[in-house]
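*Asks:* Each chain, written out:
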Amino acid sequence: MPMFPRRAFVGTLVCLCTLSALPSCSSSGSDRKRHAGTPDDPYVIGMSQCNLGEPWRVQMNADIKRATSPYPNIKIIFKDAQNDSLTQRAHVEELVAQGIDLLVISPKEAAPLTQPVADAYKKGIPVIVLDRAVQGEEYTVFIGADNKKIGREAGKWAVKALGGKGKIVELKGLMTSTPGQDRNAGFREGLDLANNKDIQVVFEADMAWLEPNARKEMASALATQSDIQLVYAHNDPGAHGAYLAAKEADKHGAMKFIGIDALPHEGIRYVKDGILDATFAYPTGGAEAIETAIKILQGEKVEKKITLGTRIYTKENVAKGGEEIK
Amino acid sequence: MFVERLKIAMRHSFARALLPLLLVLFVGLVFNANGAFFAWSTHRSMLREISVHGILACGMTVVILAGGIDLAVGSVLGLSAVVFAWLTLPFELSAPLSLIAVVFMGAALGALSGGFVARYRVQPFVVTLAMMVFARGLAKLVSGGEKITVATSLGAEPAAPKALPAIFRALDTKMFGGNVSAVTLVFAACALATWLFLKHLRAGRYVYATGGNREAAELSGVPTSLTLIVAYALSGLFAAIAGICQAAQETHGDPETGTGYELEAIAMVVLGGTALSGGRGGMGLTLLGALTMGYLQKILSLNAFQTEARLMLTGVILLAAVLFQKFANRRAAT
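Those protein sequences? They're chains A and B, same order as listed. Counting in this note's numbering, the first sequence runs from 1 upward without gaps. Counting in this note's numbering, the second sequence runs from 1 upward without gaps.
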């Protein structure tokens with residue numbers, strides 16, 4: 001009997017040694033075989049998307065695809081993690097194993113994806129992190145927009161549109177999410193209520209980015225408040241839902257509606273149709289990611305952080321493609 | 001004396017379902033948000049807001065009475081919204097044909113679930129869970145992950161936006177002098193049809209028999225397999241109608257719409273007092289459950305409760321109402 005445990009112990013030990021030796025063999029190869037970057041042997045870029053359930057992320061992938069199409073020497077592999085951090089982690093590892101030349105990742109969450117991204121980076125694969133950050137410094141470049149700044153611009157625009165006086169309804173995105181918090185905090189900064197004492201936020205509610213919820217909450221705002229002059233929603237579907245509620249109550253004519261995101265088929269079209277008065281672009285960074293990727297692959301130096309600007313679309317400028325706000 | 005009468009009244013499931021509703025209404029009277037609760041427009045919009053969930057609850061009532069559950073209704077709603085928007089907007093099919101096609105598709109998907117439940121005796125939870133995932137995937141495939149709007153084109157080039165077809169406006173209008181939303185009338189019609197089916201058709205009695213005890217029903221000559229297929233087909237059909245209403249109200253077909261609606265529909269059915277074990281309950285009860293849910297949400301929203309408080313209160317009140325029903329039921333029985 002005592003023989004067996006000892007043999008098992010030795011066996012385990014041997015196994016463990018072999019196992020621990022294996023990865024050190026493969027990872028020591030910083031001389032990873034890279035693709036030549038010619039049409040015959042194109043660069044392979046892995047794109048790990050956290051979730052394709054949101055139109056904005058569908059747009060991000062579309063932007064990346066469009067930005068790559070002029071380059072026959074680049075091939076892209078798209079992965080959709082369906083809003084699951086662990087799936088996304090596995091995707092990153094799969095892409096690394098497939099021998100990609102560069103990783104683009106829009107992570108679901110910072111903490112669980114920091115390690116896999118760092119592992120890829122340490123193996124000599126350049127990493128572009130899009131929209132949401134990871135912890136630490138072990139990536140090549142971060143590209144993202146600034147929700148706080150966009151909220152601030154929306155607030156300033158609201159003050160101007162109201163002429164410094166009026167009642168506002170704020171329909172918030174998920175307030176447990178960073179974009180929701182930033183679009184709220186930025187907006188309040190832009191409103192500067194301490195100095196604009198005639199402006200009041202009379203009703204605020206969380207609509208979790210969803211149009212039917214926004215419509216429901218706006219109906220409540222209309223039932224409890226009179227003379228609402230402006231509605232600020234954290235995304236365009238929310239603003240659209242609010243518009244529909246106001247229309248149902250025949251009060252939409254006296255109100256202004258502001259949204260965020262400005263997707264071509266959504267916010268921008270709503271502005272064209274006269275439903276929204278303004279929408280602020282939250283750029284996907286897809287095109288910028290490919291631009292940066294090409295620079296990196298050609299050996300150019302890039303900045304560690306690229307902050308994207310925004311564009312405002314209003315009735316006046318929508319035909320010309322909006323106006324850039326630096 | 002009063003207590004005695006109340007005890008007798010509580011023997012009726014209808015009275016047991018009415019009491020939570022009255023309690024919620026009483027809360028509304030107290031927390032009336034500066035009188036907003038007394039305006040008819042508040043009730044009109046509440047009735048509009050519960051309509052889509054309520055239409056799902058009609059089909060859910062039949063399936064639960066038959067001893068099953070249908071988790072796929074939210075996804076079938078989303079798929080129907082997308083397909084309806086696609087048929088009417090870029091494809092420009094006429095409204096009646098689009099309606100028929102979408103309703104038929106919903107019923108067919110439901111019948112498919114029902115077939116697996118009836119023929120292979122796979123647990124309804126599992127079958128409809130699979131259908132829920134499948135239908136959501138199909139909705140994303142059909143739509144390409146984007147909303148189907150008046151600007152969606154069949155080709156690669158974006159089309160010039162068209163006017164919204166009349167059917168969209170007709171379903172999102174107010175009728176009877178602006179006092180009732182059109183979707184509320186659709187919900188009322190669905191509820192009436194379900195009630196008639198369950199109360200006055202032989203197939204309705206088969207649903208109760210199958211849900212009460214499938215083996216016994218089988219032995220007494222009830223075609224239980226067919227009954228189950230019909231029950232799930234009805235659920236799919238109602239989900240399709242709800243999807244059409246959702247698309248009309250949102251003015252587009254959103255592949256993500258309806259996520260989680262199945263739980264809302266189940267809550268309405270359970271809150272009414274229909275037993276999840278099958279065979280006991282009815283459409284009238286679900287209607288009361290739907291109103292209770294609707295008023296509860298409306299009151300929380302009118303008073304601008306924070307989301308955290310809303311979710312917790314909804315959970316507590318749901319549990320309290322169900323416990324109350326169970327307690328009153330046992331009391332009445334003894």
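For the record, the hints were derived by calculation from the structure and aren't laboratory data. Please note that the accuracy of each hint is not assured.
[To be verified] Residues from chain B that face chain A, not an exhaustive set, calculated with beta carbons under 8 Å:
id: 1; residue: S41
id: 2; residue: T42
id: 3; residue: H43
id: 4; residue: E49
id: 5; residue: G145
id: 6; residue: P161
id: 7; residue: E256
id: 8; residue: A304
Virtual Cβ for every residue (Gly too), placed ideally from N, Cα, C.
*Asks:* State the violated hints by number, sorted upward, taking the hints as numbered earlier in the document.
*Replies:* Checked against the structure, the only hint that fails is number 3, while the rest are satisfied.
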